Amino acid sequence: MNRFCWRLVDFVSRALEPSERHAIRGDLAETGASAGQALRDVLGLVARRQAALWKHWRPWLALGITAPFGLALSVASQSLAGESAIYVWLYAENWTSAYLTNPGARMDLLQFSVYFLLEFLALAAGAWLSGKLIAAIARPTVVVIVPLFCITLLIGGTSPIGIPSMFYAVIFPIIVRGVFVLCPALLGIAYE
Amino acid sequence: MLGEFEYLLLAAAVRLGEDAYGATIRADIEDATGRHCSIGALYTTLDRLEAKGYIKTWMGDPTPERGGRPKRMVRVTATGQRAAREFYTAMTRGSRGLSWARP
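Line by line, the protein sequences give chains H and L. Counting from 1, one number per residue, gives the positions in the first sequence under the working numbering. Counting from 193, one number per residue, gives the positions in the second sequence under the working numbering.
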């Protein structure tokens, strides 16, 4: 429990500037603070720092674009997942080697693959740019904005896909959202 | 004019002199008031006082008892000392004739 608490202290204190983080961890070590006390102290400071940051307009602007961007990406990913799931399901369920030997079927498969590859790349690029934009506007407040962005992604565009397969109707869209929206957006935030 | 906590922090930093940094100032304030002093209150007040030009802070050398981590050292400027004196004078004057103040 103690070790878990100290790990939590380390994790929470990452929201602070590095120099301040080291000074505070040093103070806690020197005074022999208990893990619980240290966690309360660090949480208190992080809360105060965050509250001070939200007095400026930048976090509010970032928050203002987080909801519509998150929702738009979520709806786009759901729509793309639905569209592609039907093709993937049809190919996977009815796959024969004739697809590779028949020139017409081969061309269809190629066209389908290129079309959806480009669509998925465009979705990932959009998510990555959104992440970069949010981080550029309000880098220090991402600890609050990122969870909100993730919640928007989760709640937006969850209409079921009409395929009689649990995997393609439910799990496939979640994978699409995670791989082509959430990961690129988080990378965009992390590397801004 | 200074706030009560700002005054306590300045007083602790002056009293500690060369040894004034986060942990020692915190301990001094807790000794003086008999109340818990949170790290959040301490560090945000340090920032505020530095922004007003009442103190200067810098990162000191790391020490083994701190797990090799540096200290945030504090020095009170002349402006800070003047502000503390004004606060003390105002409080002393404002307390004249009161039952809890010394004659």
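Quick caveat, the hints were computed from the structure, so don't treat them as lab data. The structure presented is a predicted model; accordingly, all values stated were derived computationally and were not measured. Wrong hints could be hidden among the right ones.
What the hints assert, rightly or not - Here chain L is said to cover these stretches of chain H; the calculated rule only asks that three of the stretch's residues, wherever they fall, bring their Cβ under 8 Å from a Cβ of chain L:
id: 1; stretch: 29-38
id: 2; stretch: 48-56
id: 3; stretch: 135-147
Glycine included, every Cβ here is placed at the ideal spot set by N, Cα and C.
Going through the hints against the structure:
1. Coverage of the stretch 29-38 of chain H by chain L holds in this model, with 3 residues showing a Cβ closer than 8 Å to a Cβ of that chain against a need of three.
2. Coverage of the stretch 48-56 of chain H by chain L holds. Counting CB-CB distances below 8 Å, 3 residues qualify, and the rule asks for three or more.
3. By the rule of at least three residues with a Cβ nearer than 8 Å to a Cβ of chain L, the coverage given for the stretch 135-147 of chain H is violated, with 0 such residues.
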